[in-house]
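There are 2 protein chains.
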Amino acid sequence: MDGPIGVTNEGARVRHGVRNGAHRGPTAGLAPGFVQGNLAVLPAAEAGDFLRFCHANPKPCPLLAVGEPGNPMLRALGDVDIRTDLPRYRIWRDGEVAEEVDDLRAVWRDDLVAFVLGCSFSFEEALIEAGLDLRHISCFGPGANVPMFRTSIACTPAGRFAGPMVVSMRPFRAADAIRAIQITTRFPGVHGAPVHLGDPSLIGIADVLRPDYGVPVPVERDELPVFWACGVTPQAVAAAAKVPFMITHVPSHMLVTDLRNASLAVL
Amino acid sequence: MDGPIGVTNEGARVRHGVRNGAHRGPTAGLAPGFVQGNLAVLPAAEAGDFLRFCHANPKPCPLLAVGEPGNPMLRALGDVDIRTDLPRYRIWRDGEVAEEVDDLRAVWRDDLVAFVLGCSFSFEEALIEAGLDLRHISCFGPGANVPMFRTSIACTPAGRFAGPMVVSMRPFRAADAIRAIQITTRFPGVHGAPVHLGDPSLIGIADVLRPDYGVPVPVERDELPVFWACGVTPQAVAAAAKVPFMITHVPSHMLVTDLRNASLAVL
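Chains as they are written, first to last, in the numbering used here: chain A, 5 to 271; chain B, 5 to 271.
Misleading hints may appear alongside valid ones.
[Said to hold, decoys possible] Partial list, computed: chain B residues near chain A (C-beta under 8 Å):
1. 83
2. 182
3. 185
4. 189
5. 199
6. 202
7. 204
8. 208
9. 271
Don't read these hints as lab results, they were simulated from the structure.
Where a beta carbon is used, it is the ideal one built from N, C-alpha and C, also for glycine.
Using the sequences and the accompanying hints, generate a full structural model.
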C-alpha cells in the first residue's frame with residue numbers, strides 16, 4: 005500500500021511512512037504545518053449518538069471528518085485509509101482496552117464509522133509561532149504530552165455518551181494568556197478558545213501540579229493556568245459509555261492529514 | 005450655532021444639544037451606538053510629541069482624530085466643532101487644572117491642535133450586548149465611572165510625555181473574561197484587548213478594591229479582575245508633562261460623534 009507517486013506534501017509523506025510500517029511511534033513534531041487528528045471508530049449503531057455528542061460539545065470534540073459506514077477512506081483529509089494510516093491503535097471492548105494493534109485490516113467491519121477530531125497540536129503550532137513558551141515542551145521536549153485533567157464541567161449528553169470534560173493546561177503570564185486566547189479563538193476546529201483560566205478549583209481540579217494524564221508542569225507565581233477543552237474527552241466519554249466495540253488511536257499516535265493548520269484559521 | 009436642519013443620527017442630535025447649551029452633564033448612556041471620545045488639545049509646539057506618544061501607546065491612547073493646527077473642526081467625526089461640542093472643559097496650565105469652562109470660544113488659539121481618543125464606552129456597549137455584566141454599572145447605575153488604577157506599566161515615552169499607564173478594571177468569571185477578551189480584541193480603536201488579568205499586584209496595584217479614580221467594585225472569589233488600558237492615561241501623562249497650556253474634557257463629559265461603535269469593529 006504505497007502512497008501515490010510524486011506526492012509532495014509533507015503530511016501525506018509522513019502518513020505514507022506510517023502506512024508502509026516505516027514509522028510506528030508518536031507523531032508529535034512530524035510534518036510541521038499539517039493537521040493531526042484524534043481517531044474514534046464506532047459501530048453504526050452507536051455512531052449517531054456519538055455524532056450528536058460531538059455536535060453538542062464542539063470544544064472538546066471538534067469534528068474534522070466522519071466517514072460513511074463501512075468505508076475506511078476519509079478523502080476530506082487526503083488519501084486517508086483509516087485502517088492503516090495511524091501508527092498504533094487501541095481496540096476497546098465494553099469500555100476497556102482489549103488490545104493494541106498496528107493496523108485495522110483484520111478487525112475492520114462494514115458497520116464501522118470513523119471519526120477524526122481536531123487536536124491541540126494545530127493551535128500549539130500557532131502559539132509557538134507567536135513566540136509563546138509551551139511549558140510542557142520547554143520542560144520535557146517536543147514529544148511531551150501536555151498535562152490534562154478531568155474537570156467538574158459536564159459535557160452535554162447524547163444518548164449513552166455523557167461525562168466530564170477533560171482539559172489540557174498551559175501556564176502563561178497574563179499578557180501571553182490574553183494573546184493565547186486571541187490566537188486559539190481563530191481555531192475553533194481544533195478546540196478553539198480556552199474554557200477556563202485562573203483558579204483550578206473552580207472547575208474541579210484539586211491540584212494543578214498533579215494532572216490525570218500527561219506530564220506535570222510548574223505554574224509560576226506570576227502565571228495563570230489556562231485550560232483548553234481536550235481531545236481526550238470523547239475517548240474518555242466513549243469508554244465510560246462502555247460501548248461493546250470501539251477503536252481509537254494510542255495517545256499521541258495521531259492521524260497525520262493533508263490539511264494545513266493555517267487552513268483551519270477562521271480569520 | 006444650531007445643527008444642520010434634518011439631522012437624523014442620534015450622535016449628531018446629542019452633540020447639537022450640547023452645542024446649544026441644552027445639555028451640560030455627563031454623556032454616559034446618551035446616543036447609544038455612537039462613539040464617544042476623550043479630548044486633548046495642545047499647542048502645536050507640543051502636539052508633535054503628543055502625537056508620537058499616542059502612536060507609541062495605542063492601547064491607552066487610541067487616536068480617533070487629530071485636527072489641523074488652529075482648526076477646531078474635526079470633520080472625520082461629524083460636523084464637530086471642538087470649541088462648543090463637549091459639555092464641559094478643563095483648562096490646564098503648567099500641569100494643573102486652572103479652570104473649567106462650558107466652551108472654548110474665548111480661549112481658542114490659532115496654534116491649538118485637537119486630539120480625540122477612543123473611549124471604553126464603545127467596547128462596553130459590545131460587552132453588554134453579549135450579555136456580560138459590567139459591575140460598576142450593575143452596582144452604581146448607567147452613569148457610574150469604572151474603577152481605574154495607576155499601574156507599574158510604563159508607557160513608551162515621546163519627548164516630554166512619559167508616565168505610567170492607567171487601567172480600568174472590570175471583574176468577570178473566567179468564561180466571561182475569555183469572551184470579553186474576544187469581544188474587545190475586535191475594537192483596537194477603543195483600547196482593544198485587556199493588558200492584564202488576574203493578580204493586580206503584578207501591575208503595581210496594591211488593593212483592587214481601592215481605585216485611584218472611579219467607583220470601587222467588589223471582585224468575587226470566583227472572578228478575575230480584568231484590566232484594560234484607559235483613556236485617562238494620556239490626560240494624566242500630559243498633565244505630568246506640565247505643558248504650559250492644555251485643554252481636556254471634564255471626566256465623563258465626552259465628545260459624542262457621528263461614528264457608530266459597530267464601525268470600529270475590525271472584524
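Hinted contact residue 189 (chain B) with chain A - closest CB pair below 8 Å: holds, 5 Å
Quick one, is the residue 83 (chain B) hint okay against chain A at 8 Å, beta carbons? Hint violated; residue 83 (chain B) Cβ to chain A Cβ min 35 Å, cut 8 Å.
Proposed interface contact between residue 185 (chain B) and chain A, which counts if any beta carbon pair is under 8 Å: Holds - the Cβ of residue 185 (chain B) comes within 8 Å of chain A, reaching about 5 Å at its closest.
Is the interface hint for residue 202 (chain B) satisfied, with its Cβ closer than 8 Å to some Cβ of chain A? holds, 5 Å
Quick check on residue 199 (chain B) please, does its C-beta sit within 8 Å of some C-beta on chain A? At 7 Å from the nearest chain A Cβ, residue 199 (chain B) passes the 8 Å test, so the hint holds.
For the hint on residue 208 (chain B), does the least C-beta distance to chain A fall short of 8 Å? violated, 13 Å
Does the closest beta carbon of chain A sit nearer than 8 Å to the beta carbon of residue 182 (chain B)? Because about 6 Å separates residue 182 (chain B) from the closest Cβ in chain A, which is inside the 8 Å limit, the hint holds.
Using 8 Å as the Cβ threshold, decide whether residue 271 (chain B) counts as touching chain A. Because about 6 Å separates residue 271 (chain B) from the closest Cβ in chain A, which is inside the 8 Å limit, the hint holds.
So, residue 204 (chain B) near chain A? Judge it on the closest CB pair being under 8 Å. violated, 10 Å
Violated hints, in rising order: 1, 7, 8; the structure is consistent with all others.
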